[in-house]
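Q: Sequence:
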Amino acid sequence: MIAFVLVVECVPLQDPNAGWQDNYGLWIRSAVICGVIAATMLVELKHLIEGVKVSVRQAVFVLLCVMVGDSALLMTAAAYLVFPIPFTSLVTVPPLLAIVAVALRVSFGGDGFKKMLEHPAQLYGFVLFVFAQALTLIVYPIYQVLFSASVNTHFELSVMMLLPIVKMMTKNIVASSIYYMEDMLPESVIFTVDFFNAVYVATCCTGLE
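The sequence shown begins at 0 in numbering that gives the first Met the number 0 and counts up by one.
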């Protein structure tokens, strides 16, 4: 993971004032990150739903659909709406999840998709687990806006008290989604909620006095 972060950071970024067409570095980073998110979802799918097997061909198909489709949507938004796109993670996550779902349906076919539906409780747990991960990408940027607006005001302490509440709620969602896999529960909480919260506190909450 550290090597991946370093490689992505090596892709140069261009001046946003140059326009979306000249910012190829941003689109490369976005496509790679979307691909990694989709690959992570495929790994989780195999572990959380019994009997699901994803071949190399199916994985490549899903990753290509996500990387090309999500990047095309972002470029379209940048071309016709605004660039840079504010809160890119908020814009990226919903279509990414939709593209993954459609790509899985196409790659698995009718029979493969029916096999997943034979385990509704596990499928519900997978969807809830993915939702909890996506929630961190949506809630924390919104919280950052609220936090920045409250710095050096009377509401600063109240807003800070919301952070552990958000963390606890996300932990409960993760725990309830994979309650039937007790061996994976501690790692899932640590490497999703705890890790994301620690990174956020270390990098974003620097304006507190």
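Everything labelled a hint here was simulated from the structure, so no lab data went into it.
Values in this document were obtained by computation on a predicted structure and should not be read as measured data.
One thing to keep in mind: the hints can contain errors.
[Said to hold, decoys possible] In the DSSO-like style, the derived pairs of lysine-lysine whose C-alpha atoms are separated by at most 27 Å in a straight line are:
{"#": "1", "residue 1": "114", "residue 2": "166"}
{"#": "2", "residue 1": "45", "residue 2": "170"}
{"#": "3", "residue 1": "170", "residue 2": "113"}
{"#": "4", "residue 1": "114", "residue 2": "52"}
{"#": "5", "residue 1": "166", "residue 2": "113"}
[As the list claims (entries may be wrong)] DEER-style ranges, computed between Cβ atoms:
{"#": "6", "residue 1": "8", "residue 2": "161", "range": "45 to 55 Å"}
{"#": "7", "residue 1": "88", "residue 2": "21", "range": "18 to 28 Å"}
{"#": "8", "residue 1": "168", "residue 2": "123", "range": "10 to 20 Å"}
{"#": "9", "residue 1": "104", "residue 2": "147", "range": "38 to 48 Å"}
{"#": "10", "residue 1": "113", "residue 2": "28", "range": "32 to 42 Å"}
{"#": "11", "residue 1": "157", "residue 2": "120", "range": "15 to 25 Å"}
{"#": "12", "residue 1": "27", "residue 2": "104", "range": "26 to 36 Å"}
{"#": "13", "residue 1": "143", "residue 2": "16", "range": "22 to 32 Å"}
{"#": "14", "residue 1": "9", "residue 2": "156", "range": "36 to 46 Å"}
{"#": "15", "residue 1": "154", "residue 2": "120", "range": "35 to 45 Å"}
{"#": "16", "residue 1": "60", "residue 2": "153", "range": "45 to 55 Å"}
{"#": "17", "residue 1": "45", "residue 2": "156", "range": "41 to 51 Å"}
{"#": "18", "residue 1": "154", "residue 2": "174", "range": "26 to 36 Å"}
{"#": "19", "residue 1": "104", "residue 2": "16", "range": "21 to 31 Å"}
Beta carbons: idealized from backbone N, C-alpha and C, even for Gly.
Q: If a hint holds in the structure, say so; if it doesn't, say that too.
A: Evaluated hints:
For the proposed pair residue 114 and residue 166, the alpha carbon gap of about 34 Å is over 27 Å, so the pair is violated. Between residue 45 and residue 170 the CA atoms are separated by roughly 22 Å; this keeps the pair inside 27 Å, and the hint holds. Proximity of residue 170 to residue 113 is assessed by CA-CA distance (about 30 Å); at most 27 Å being required, the pair is judged violated. For the suggested pair residue 114 and residue 52, the alpha carbons sit about 10 Å apart, so the restraint of at most 27 Å is met.
Simply put, residue 166 and residue 113 have alpha-carbon atoms about 35 Å apart, too far for the 27 Å limit, and the pair is violated. One distance hint, 45 to 55 Å for the beta-carbon pair residue 8 and residue 161, is violated here, with the actual separation near 31 Å. For the pair residue 88 and residue 21, the supplied restraint of 18 to 28 Å holds, since their beta-carbon distance comes to about 22 Å. At roughly 18 Å, the beta-carbon separation of residue 168 and residue 123 lies within the given 10 to 20 Å, and the hint holds.
Distance hint check for residue 104 and residue 147: the Cβ-Cβ separation is about 40 Å, which falls inside the suggested range of 38 to 48 Å. In this structure the hint that residue 113 and residue 28 lie 32 to 42 Å apart at CB holds, the actual value being about 37 Å. Checked against the given bound of 15 to 25 Å, the beta carbons of residue 157 and residue 120, roughly 39 Å apart, lie outside it. The given range of 26 to 36 Å is respected by residue 27 and residue 104, whose C-beta atoms sit roughly 28 Å from each other.
For the hinted restraint 22 to 32 Å between residue 143 and residue 16, the CB-CB distance of approximately 24 Å keeps it satisfied. At roughly 40 Å, the beta-carbon separation of residue 9 and residue 156 lies within the given 36 to 46 Å, and the hint holds. Checked against the given bound of 35 to 45 Å, the beta carbons of residue 154 and residue 120, roughly 42 Å apart, stay inside it. Separated by about 54 Å at the C-beta atoms, residue 60 and residue 153 satisfy the suggested range of 45 to 55 Å.
Checked against the hint of 41 to 51 Å, the C-beta distance between residue 45 and residue 156 comes to roughly 44 Å, which is consistent with it. Checked against the given bound of 26 to 36 Å, the beta carbons of residue 154 and residue 174, roughly 30 Å apart, stay inside it. Between residue 104 and residue 16 the beta carbon distance is about 41 Å. The supplied range of 21 to 31 Å is therefore violated.
Against the hints set out earlier in the document, violations occur for numbers 1, 3, 5, 6, 11, 19.
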